[in-house]
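Asker: Listed here are the chains, written in short residue letters.
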Amino acid sequence: MQIKLKVMVIALGFAGMAGVASAGPVSEQMLAQDPSDSWLHTNGNWAGHRYSALSQVNNRNAKDLKVAWTTSVGAKTDSQATPLYHDGLIYFPQDNKVFAIDADNGRVAWKYEHKLPDDWGGYNVPFFTGKHRGVAISGENVYFLSNDNKLHALDYKTGKVKFVKDYQDDGIVYPKDFAKTGDSNGYISTVGPMAVPGAIILPMNGTDTGGLEGFVLGVSPEDGKLLWKANMIPRPDEPGGDTWPAGSTQYGGAGPWITGSYDPELKSYYTGTANAYEWNPKNRGGGEMDNLGAASIVAVNTESGKVNWRYVGVPGDPFDYDLPQTPMVISIDGKKTIVQPNKTGYIHHLDAQTGKYLKADRFVDKINWIKGYDKNGRPIDMVALPKEGGDPIEIAPALLGGVNMYPNAYNPNTGNIYLAATESSMKYGFEDIKLISNVRHFGAYQEFNFGDETDKAVNVKSGKEIWRDTQAGKPGYAGGMLTTAGNLVVYTTQGGRFTVADARTGERLYEMSTGIAAKSGPITFMHKGKQLIVQALGGTPGFGRDEANSVEFGHAIIAFTR
Amino acid sequence: MNGFLRIRLSVWSLALLLGISAWPAVADDEIPDVNPYSGNEKAMREGKSWYRGVCAACHGGRADGAGERGNGADLRKLELGFKGFVHVVLEGRTQPGRTMAMPSWKGVLKIDDIYKIGAYLETVAIEGANWKEGVKH
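Chains W and S, in that order, are what the protein sequence lines are. Everything in the first sequence is counted per the working numbering, starting at 1 for the first residue and increasing by one. Everything in the second sequence is counted per the working numbering, starting at 563 for the first residue and increasing by one.
By construction, these hints were calculated from the structure, which means they are not laboratory data. Predicted model, so just to flag it, every value in this text is computed and none were measured. Be aware that one or more of the hints could be misleading.
Claimed, not checked - Straight-line Cα separation of at most 25 angstroms, SDA-like style, residue types lysine to any residue; simulated pairs:
#1 W/Lys115 - S/Arg655
#2 S/Lys604 - W/Lys115
#3 W/Lys375 - W/Asp242
#4 W/Lys180 - W/Asp95
#5 S/Lys668 - W/Lys375
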C-alpha cells in the first residue's frame, strides 16, 4: 500500500510538471518554476539560484559534450547578459539591441535596435554604454531596458515593438554630454528587468554617473506605466533616515545595479545596492554615519512599493564596496534566508522576512578592512580612513570585491553556493571632490594589486569551502556560475576556459579554450529533446589593463550539447 | 542686425546660459611645445589631485591603465609628446569597432588643469615615455 501510494505521488508529481507548458505565452506558473525546459529569468528562478532541474547532461557524461553551434551578435563592448530561452528562441541584449537567436543553429531570428539620444554622454558613460545584464519575459512580451532607461516591450516571436515607455517624467533622467548641458547627472540602465506577478521590476541606478539616488520601479506589464517607486535611501521620516546628513541624499548613490530576487509568499523583491556617493564620504558623515540604504540589502513589497527593511553591510561605505550582488532566497533549517556573497569578502545571511542579521561567513583568504561582524551584523574594528590628500592605505579586498557583478549559483542538492570569486587588495586614498558640469566625481582613487581568480564552492550552511579552482597568476573572475541537477557546475574563466565541473568535488569533467573572456553566466535548457548549455562570451579580461590572461577583446555565443 | 549675426548671437547666448562656454577652444598654435608646468611642485600636486579625481577611474591610480572603468592607456609610457597629450585630452580618442573610448574633455577641463595633469604624469613616466619632444599624433 505504501509503495502504491509512493508511485501515485510520483505519478502525480510528473503530471504536475507536465501541466506546466514550456511553449506559448509565458504564464505566471511558468515564471514560478525552477528552470528546466526553459530559462525564463536572468538568475534562473525568482530566488536567484541559477540552478536548473535538468540532468540529461550530468557528471557521468559531461566529458562527451560537443559544440553544437557558435554565433556572434557583433558586440562592441562587454557581453554581460545572461540570455533567456523560451520556445525555440534565445534572447540576448547587446549594444542597445535585442537579438532572438534560433536555438537550432544560432542564426538570428529577429533583431530589435534602439538609438540612444543625440546628447547621450557624461561621467563614466562610455564605460557603460552598450552593456546589458539581461532581459525579462512574461506573457507574449520580451522586456528590455535600454541604457537610457526606456522600457521596450517586444513581441517574443517577431520582435515587433508593443510599447516603449520613458520614465523621465518620473525623475529618471539619462546622463548627457558635458558639452551639451549644464547638468550631466543621470541614471543609466545596464541591469535587466524582472517579471513578477502584476509588475515588471526596473532597477534604476545613477550611482556612478553623478550619484543620483537609487530607486526600484514597479511598472505595469501592459503599458509600462509606473505603479510604484521605491527609494533605496530612506526618507527622513523612515527608519534610518537619520543616518544621512540633511541634504546629502539627492546625490547619495545607492543604486540597485544587478537584477535582484523575489519571494512570492512574502511578495518581496530583494536587491543589493551600490555604494554611497561620493566615494570620499566627507559630504555624508565622513564614514561616521551609516548611510543606510547604500551598500545595503533592501526588501521591497512588490504590491505597494513599500520598503519592508534595509540592512547596511558597509556602514558609511568609504571604500566603494557596495553590496550589489543578487541576494539569493534559500531555505536553511526551515527558515527563509537571504544569502548574499558580496564585495566585503563575506557571505551575509539575513532573515528574509525581517532583515535581521544571522551571520556572515568569510570566503576570501585576505581581508583586513574589518576583523569580522558582531552578532548584530556590525563591522568589528574597521580600519582608520585615509586623510584627504594624504597617503593611501592598504585595503583587502580591493573594491573589486571578493565577488563582483559576476553571478553566483546555489544547488539545493549539494547545499553549496558556487562563487565567481577573486583575491585582491588595493592602495586607497581620498582626494578633493571635483565638480564638472554639476557632476561630482568620486573624490577617491585606488591602485589595484590583483590576485588570482578563484572559482569555488562553499557550503551555505556551514560556511566551509568545499573546493576551489584557482587560476594561478591570472586575475579576474569567472563570467558567472550555473549549477544543475546533473551534479554539475558550469563556468568560463576570465581567460576563456569553458569549464564543466562536478558540483560536489570540483573535478573538471569537460573544458574548452574559447580564447574569449567571459563576463556573463551560462544557461541550460531543453531544445527538441536535447539539453543545450549556452555561454555568451565577450569583452576584455579583468578590470583595466590585464596582460596576464593573454586574451584580447572578442565576442561569441557558443552552444554545447551531447 | 542681419539674420546670420542674430543666429550666431542667440547660439552664444544659449551657450552662455548653459554655462558651456566658460573655457573657449584652444587653437593648436596656442599650445606650447613643452609643458609650462613641468617640475612646478604646486602644479604637480594640483595635477595629481585632478588626475586622481578624474582620470584614475579608467587609467588607474598608478597611471598604468589598470583602472576600474575599463582599459585606459598606460600613461606611464605616453609617447605622444606633450602637445599630442593635450590634443588627445581635448579631442578624445575612439577605438574602431569598440564603444569604450577616451571622451573629449574640451570645454570641460580648463586648459591649465590639463597642463597640470601632464606635469604630474611626467613624474610617473617610465622608459619609453616622451614628454619633451614636439607633436606625435
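Asker: Any of the earlier hints contradicted here, and which numbers?
Answerer: 2 and 5
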